Amino acid sequence: MNRRGIGFRLGALAMAAGMLTAAGRAQEGLPLAPAVEKELAAKASDVTEVTLGKNMLDFAAKFMNDKNGDDAQAKKLIQGLKGIYVREYTFDKEGDYSMEQLQQLRAYFETPEWSPIVRERERKSGETTDVLMKVVNGETQGMFILEAAPKELTIVLILGPIRMEDLGELRGIGGLGGALGPLGGVQHTPKPNTKKGGTE
Amino acid sequence: MVYSLALRMTGDRGLAEEIAQDTFLEFDRHLRTIKSEDHARWWLRRVAMSRATDALRRRRVRGMDLWVALNEQDGVTSEEKSSPLGARLEYLLTTLPGAQRAALILRYQEDMMPEEIAALLDAPVATVKSNLQRGLKLLRAKALSQLKEFIRGA
Amino acid sequence: MDEFERELRQALERRPAPPGLKRRLMAQRSATAARGGWWARLGRAGYGRGWATAALLLLAMAGGGIRWELDKRQEARRGQEAREQVLTALRITGHALNQVQTRLSDHDRQTGEGER
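Residue numbers (our numbering), protein chains in the order written: chain A, 770 to 969; chain B, 5 to 158; chain C, 14 to 129.
Honestly, the hints are just simulated from the structure, not real lab data.
Possibly wrong hints are sitting among the right ones.
[Claimed, not checked] To give an idea of the chain A side of the interface with chain C (calculated C-beta under 10 Å), a few residues:
| id | residue |
| --- | --- |
| 1 | Thr817 |
| 2 | Leu821 |
| 3 | Phe828 |
| 4 | Asp839 |
| 5 | Leu846 |
| 6 | Tyr854 |
| 7 | Arg856 |
| 8 | Glu857 |
| 9 | Met868 |
| 10 | Leu874 |
| 11 | Arg875 |
| 12 | Thr898 |
| 13 | Met912 |
| 14 | Leu915 |
| 15 | Thr923 |
If you're wondering where the values come from, they're calculated on a predicted model, not measured in any experiment.
For every residue, glycine included, the Cβ atom is placed at its ideal position computed from N, Cα and C.
Let the sequences and hints guide you as you build the complete structure.
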């Protein structure tokens with residue numbers, strides 16, 4: 770599958786799902802961290818949390834270099850977005866989080882505006898994947914990803930207009946993780962006496 | 005800050021603008037020697053006060069002209085000041101001897117301590133304290149005298 | 014500090030520079046820069062230097078101290094931090110999407126649907 774494949778595929782699924790759901794009132798702003806996130810953070814050995822509202826995204830865009838590849842791509846991706854909300858948890862051992870906690874996270878998006886696009890469960894590995902899209906008047910206005918592995922959880926919530934063709938570009942930015950160096954202002958909490966985890 | 009210092013020292017808006025302009029131009033020339041925010045602030049105050057004192061020596065300004073000049077800038081009138089006494093004090097300050105005026109302006113406009121004022125003006129601390137004390141005493145007396153005149157005249 | 018001194022302090026609040034003065038200074042600096050004078054040399058010394066000079070002058074004229082210059086530097090630092098946060102968030106998102114794509118591909122292989 771080429772770099773654009775995932776975007777087109779998710780987009781097509783979202784459109785199909787969107788036609789079956791009633792257009793809902795736009796959900797403004799990023800959610801406050803529900804109690805379950807605090808529980809997960811408390812149990813995790815490594816936590817990465819990024820919460821960026823519209824103002825912060827617009828502010829950050831001013832400091833992105835249009836001539837720099839990663840910056841230019843990122844700037845294009847975040848243009849018009851209302852917010853990005855990312856949580857990455859790494860756990861020392863399996864069972865440090867429960868299925869009930871995962872369900873509580875999913876429950877937040879069990880509203881008419883959100884349509885499940887991907888729902889994968891692998892019994893052997895215990896891994897699950899959930900992707901939900903918010904479609905309003907035929908346009909994608911949000912994406913929620915919940916990736917669960919036995920010792921790792923990733924939550925991504927993006928609010929605002931998402932251009933599916935740009936989603937594939939995210940892989941390019943991900944490949945340059947090492948070049949970014951320290952996480953800067955990102956709240957990254959490696960717990961004592963644990964190996965550094967979270968982002969690569 | 006620079007303009008305000010120059011204006012209060014000279015009481016002359018045009019002169020204060022000239023002093024401010026010259027100070028900034030000189031500041032630009034000395035930019036490489038500026039090490040920090042505190043240093044820059046200190047440098048600007050010092051040069052502004054020095055130029056204002058020089059300008060006062062070169063030029064004599066009458067009391068009433070000072071008052072008119074102070075009130076002409078930016079449409080601010082004496083009625084818009086925080087209090088009638090405040091407006092009057094600003095005028096009376098300009099009638100004090102230069103050294104006392106300088107000490108009071110640096111103390112009450114810039115919130116500087118006597119030791120800092122002494123360092124800025126290259127004067128002994130005792131002299132600065134004396135100027136502050138005498139300047140304040142004179143200012144009080146003038147303010148009281150003006151108030152009595154006002155009451156008599158009412 | 015007694016009441017009289019407090020009144021004096023209030024009376025001596027800094028007076029702002031007239032707008033005409035700021036304009037004249039800016040014009041003078043532009044003219045000097047065009048001639049390639051000392052100002053231009055300062056500006057060429059580096060973006061940071063020229064910017065710091067401009068900021069220092071502006072706020073000194075405004076009577077607001079030189080805090081504005083520091084504020085600009087702080088803003089630049091906050092901007093870079095925000096930028097890094099965005100890149101990290103996008104990197105994590107890209108990683109998550111990679112995982113999604115892998116699962117979809119595995120699913121397709123298992124069900125024999127193939128790639129679209």
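query: Does arginine 875 of chain A pass the interface check with chain C, least Cβ-Cβ distance below 10 Å?
result: Status violated, d = 15 Å.
query: Once the shortest beta carbon distance from arginine 856 of chain A to chain C is found, is it less than 10 Å?
result: holds (9 Å)
Supplied contact hint for leucine 874 of chain A, tested at 10 Å Cβ to chain C: This interface hint is violated because 14 Å lies over the 10 Å limit.
message: Does the closest beta carbon of chain C sit nearer than 10 Å to the beta carbon of leucine 846 of chain A?
response: holds (6 Å)
Hint status (Cβ of leucine 821 of chain A to nearest Cβ of chain C, threshold 10 Å): holds (6 Å)
query: Is the interface hint for phenylalanine 828 of chain A satisfied, with its Cβ closer than 10 Å to some Cβ of chain C?
result: At about 5 Å, which falls below the 10 Å cut-off, the nearest Cβ of chain C leaves the hint on phenylalanine 828 of chain A intact, so it holds.
query: Against chain C, is methionine 868 of chain A within 10 Å by beta-carbon distance?
result: violated (18 Å)
task: Using 10 Å as the Cβ threshold, decide whether tyrosine 854 of chain A counts as touching chain C.
output: Check passed: Cβ of tyrosine 854 of chain A comes within 8 Å of chain C, closer than 10 Å.
- prompt: Once the shortest beta carbon distance from threonine 817 of chain A to chain C is found, is it less than 10 Å?
  reply: Because about 7 Å separates threonine 817 of chain A from the closest Cβ in chain C, which is inside the 10 Å limit, the hint holds.
- prompt: Would the stated hint for leucine 915 of chain A survive a check requiring a Cβ distance to chain C of less than 10 Å?
  reply: Hint holds; leucine 915 of chain A Cβ to chain C Cβ min 9 Å, cut 10 Å.
field: Hint validity - methionine 912 of chain A Cβ closer than 10 Å to any chain C Cβ
entry: holds (9 Å)
field: threonine 898 of chain A as an interface hint toward chain C, with CB separation required under 10 Å
entry: This hint holds: threonine 898 of chain A lies near chain C, its Cβ roughly 5 Å from the closest one there, short of 10 Å.
Hints 9, 10 and 11 from the earlier list are contradicted by this structure; the remaining hints agree with it.
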